Amino acid sequence: MSKIFFENLEQSIQNIHLGLVVDCVIFTFHEQKMKVLLNKYVLNDKWMLPGGFIFKDEDVDAAAKRVLKERTGIDNVFLRQFHLFGKNDRVNIDEKIKLMENYGIASDKLPTFLNRFASMGYFSFVKFDEVNLIEKEDDIYQWFDLDAIPQLSYNHNEIINKAIKMIRIQFDYLPIGYQLLPKKFTIVELRKINEGILGIEVDKRNFRKKMLASNLIISLNEVRQTDPYPKPNLYKFNQETINELLDQET
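Straight run, no breaks: the sequence shown in the UniProt record's numbering ends on number 250.
Because the hints were derived from the structure by calculation, they are not lab data. Each hint should be verified, as a subset may be incorrect.
25 angstroms max Cα-Cα, derived DSS-like pairs, lysine-lysine [said to hold, decoys possible]:
#1 LYS165 to LYS46
#2 LYS162 to LYS87
#3 LYS69 to LYS183
#4 LYS184 to LYS165
#5 LYS46 to LYS87
#6 LYS56 to LYS69
#7 LYS127 to LYS162
#8 LYS96 to LYS162
#9 LYS33 to LYS236
#10 LYS33 to LYS127
#11 LYS40 to LYS69
#12 LYS96 to LYS56
#13 LYS40 to LYS127
#14 LYS183 to LYS127
#15 LYS98 to LYS184
#16 LYS98 to LYS136
#17 LYS204 to LYS183
#18 LYS33 to LYS192
#19 LYS127 to LYS56
#20 LYS46 to LYS136
#21 LYS136 to LYS69
#22 LYS231 to LYS165
#23 LYS210 to LYS184
#24 LYS231 to LYS127
#25 LYS204 to LYS231
#26 LYS46 to LYS98
#27 LYS184 to LYS231
#28 LYS33 to LYS184
#29 LYS127 to LYS184
#30 LYS136 to LYS96
#31 LYS65 to LYS204
Between beta-carbon pairs, the in silico distance windows are [stated by the list, open to error]:
#32 PRO230 to ALA148: 23 to 33 angstroms
#33 ASP89 to GLU31: 30 to 40 angstroms
#34 LEU198 to PRO230: 19 to 29 angstroms
#35 GLN14 to PHE171: 19 to 29 angstroms
#36 LYS210 to GLN14: 50 to 60 angstroms
#37 LEU84 to HIS30: 41 to 51 angstroms
#38 TYR173 to ARG224: 25 to 35 angstroms
#39 LEU212 to GLN81: 11 to 21 angstroms
#40 LEU84 to LYS210: 27 to 37 angstroms
All values reported here derive from a predicted model rather than from experimental measurement. Glycine included, every Cβ here is placed at the ideal spot set by N, Cα and C.
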């Protein structure tokens, strides 16, 4: 929601599907850290996940793709629906009332907005350098380290935790590094992604050997010249193996 949404309340409500929203956990990798995109309305004191309503003529998946593109400026990225959050108390009504009042809207003007909304959760992986954060007049965005997420609005901490849990369960079948890293990368970068998602320290000695044995990556006869000595070797993903993983998604 935004200032424009509240300025056009009646028309906005007529165009959306009441009762269901989408919330997106958007992951990236930057400066050796896994990060999650959060946004905050200027008139709200808490951060939250990027999300939005579903238009009446819109598929749920299409709504999630729209939210992703509106926030990051990119589309055609990995996006997976992972859970429906439908607890009756998942949204603090007082939080909604406070937000409306901050915009100068009386809570009794739009009682349907205060009704219960279930949330369909999605997670996505995006390359940091490809993202162009699109901020609006009253809406700001920021990347947060995965291990330093603040207390969020509604049940959005729960949504992030559930996304991580589902990713860990499916970890061996998701092309996570492929979605997050550039075409050429170091073994340390790939290991840091694994550690960030799994929440454990990976055995440095065996990690490279394990990745090469899996046919997921290919060692290149190159080093990264911009790094200090000793310059790290570069790798690329085995496109054939990646395609097999991506085919499982269709």
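So, going through the hints one by one against the coordinates:
no.	hint	result
1	LYS165 to LYS46	holds (24 angstroms)
2	LYS162 to LYS87	holds (14 angstroms)
3	LYS69 to LYS183	holds (22 angstroms)
4	LYS184 to LYS165	violated (28 angstroms)
5	LYS46 to LYS87	holds (21 angstroms)
6	LYS56 to LYS69	holds (19 angstroms)
7	LYS127 to LYS162	holds (22 angstroms)
8	LYS96 to LYS162	holds (23 angstroms)
9	LYS33 to LYS236	holds (20 angstroms)
10	LYS33 to LYS127	holds (13 angstroms)
11	LYS40 to LYS69	holds (17 angstroms)
12	LYS96 to LYS56	holds (22 angstroms)
13	LYS40 to LYS127	holds (22 angstroms)
14	LYS183 to LYS127	holds (11 angstroms)
15	LYS98 to LYS184	violated (48 angstroms)
16	LYS98 to LYS136	holds (20 angstroms)
17	LYS204 to LYS183	holds (22 angstroms)
18	LYS33 to LYS192	holds (7 angstroms)
19	LYS127 to LYS56	violated (31 angstroms)
20	LYS46 to LYS136	holds (17 angstroms)
21	LYS136 to LYS69	holds (14 angstroms)
22	LYS231 to LYS165	violated (35 angstroms)
23	LYS210 to LYS184	holds (18 angstroms)
24	LYS231 to LYS127	holds (23 angstroms)
25	LYS204 to LYS231	holds (17 angstroms)
26	LYS46 to LYS98	holds (12 angstroms)
27	LYS184 to LYS231	holds (14 angstroms)
28	LYS33 to LYS184	holds (17 angstroms)
29	LYS127 to LYS184	holds (13 angstroms)
30	LYS136 to LYS96	holds (20 angstroms)
31	LYS65 to LYS204	violated (36 angstroms)
32	PRO230 to ALA148: 23 to 33 angstroms	holds (30 angstroms)
33	ASP89 to GLU31: 30 to 40 angstroms	holds (37 angstroms)
34	LEU198 to PRO230: 19 to 29 angstroms	holds (27 angstroms)
35	GLN14 to PHE171: 19 to 29 angstroms	violated (43 angstroms)
36	LYS210 to GLN14: 50 to 60 angstroms	holds (55 angstroms)
37	LEU84 to HIS30: 41 to 51 angstroms	violated (30 angstroms)
38	TYR173 to ARG224: 25 to 35 angstroms	holds (29 angstroms)
39	LEU212 to GLN81: 11 to 21 angstroms	violated (33 angstroms)
40	LEU84 to LYS210: 27 to 37 angstroms	holds (35 angstroms)
The earlier numbered hints that this structure contradicts are 4, 15, 19, 22, 31, 35, 37 and 39.
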